[in-house]
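Spelled out, the chains give:
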Amino acid sequence: MTAALPCCHHRSHRPRPLTDSPAHPPSRPLPRRGLERLDLLLLAIEALDLHGSEAMLWSCEQLGLSEAFPDRVALWKSRCRNPLRRASRRGELSSQELQGLEMLVCNLAQRLYPMLRQLFSSSEPEQINRQRWELFNGRYRELILERMNDKRGAIRLLIDGSEAESLRRQVVQTLLFCAGPGGLQRLEASLMDGSR
Amino acid sequence: MTNFSLGALGGLSAAKLKLQFEESSCRLELTGLPDVSASPSDASTATAGQRLSILTGWELNLGQRAALQGKLEHLQALVAAVQPYVRHLVSNHPCPQGDPNSPVCLEPRGRGHRLQLRSSQANTKPLDLQLDDAELADLTQCLDQMLQDPRLGITLPLAAPQPLRRREQPRRKGAATGWAAPAAALGALLITAGLAMVIPLPERKRPTAKPPAPTTSQR
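Chains as they are written, first to last, in this note's numbering: chain A, 68 to 263; chain B, 360 to 578.
Calculated directly from the structure, the hints in this document are not laboratory data. Beta carbons: idealized from backbone N, C-alpha and C, even for Gly. Check each hint, because a few of them may be wrong.
A few chain B residues that don't get close to chain A, going by computed Cβ distances all over 10 Å [what the hints assert, rightly or not]:
no., residue
1, Lys-375
2, Glu-388
3, Leu-448
4, Val-449
5, Leu-523
6, Arg-524
7, Arg-525
8, Gln-528
In silico SDA-like cross-links for lysine to any residue, where the CA-CA straight-line distance does not exceed 25 Å [unchecked claim]:
no., chain 1, residue 1, chain 2, residue 2
9, A, Lys-218, B, Gly-469
10, A, Lys-218, B, Thr-567
11, A, Lys-218, B, Leu-545
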């Protein structure tokens, strides 16, 4: 794993949806669990890439999300809607903020795709891959402890539980399959799980 | 990632079209013909000649492990299996796709995924492939690129990804322990209340009529 952003193809526009009908109407609020997952995915991006927070701001500009997230404070405020945060803010995300965060996750997942692919590839040397995972797990744990409320059960499971490693792997796996042209629709549907 | 080539087919007036989608461990190549009989009222008549509307064949190369060829129905089956499977994976709830008679089956196996392909030719054993997450992601990216390509004029079965129903959702690991403490408290309260009802209450003594107090005469 390298600290620098990998040099890879960047999509500066919202990909055309594979199907015409959206996964969920924009008026439907995001379930609490979806909100938690969205922020944890962004946190995983930061753990994978040391310049992740800068890349988020840069991607916001590239994707034309400056209206929803004009600066890093606005982005931080939206992410703080996650109830698992230490400094959580009440209320729901607006549909503009929600779509913006979803696009941001998919765009950054696409940028990190070569790195994500390496993490899950069985053809990579086992020892090197183990080191990559250890590095990611360490960074992710630090970020979680720094920003999340570690008294919450969901957070304790992610940092200390017997299933912690498997849960963190699931977060990165979600990023892997959110990359690509159809990733946004998959992520949108996944975040709305349990809402129907 | 995509490559588009035009080449004349001997004896045919229409040009042969080839679409190619490539990722690290996967290459998908579609070969076909444009539908020249499409109505001239079509808005993009010029581009209609460059749209692959009649699929003559496709080939999928999964690294050096397998090279698959098929017809339209096989490609449809591949899309119908891979897309919903990956959709469930994003929710961390892998769900097998494809029944035992369908040409393509995809299901979780170990830390990877088992892709089973059944040939339409008789006496041919099904091809059993083990894909890791990276290979499945590459295949998904290739299929996504194909489905999004405006030069593809073939209709493939694709439903919009839907959220999982509440009962389909994987249970959060901590959910059971989260309810354990309140459930134990409620149980203890009910047991205590039950025991309290079993213990007999002390009999309340009825007030007996007091004997009249002896009267003393005043002198």
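Q.
Hint compliance check: list the failing hint numbers for this structure, sorted ascending.
A. Result: hints 3, 4, 5, 6, 7, 8, 9, 10 break, sorted rising.
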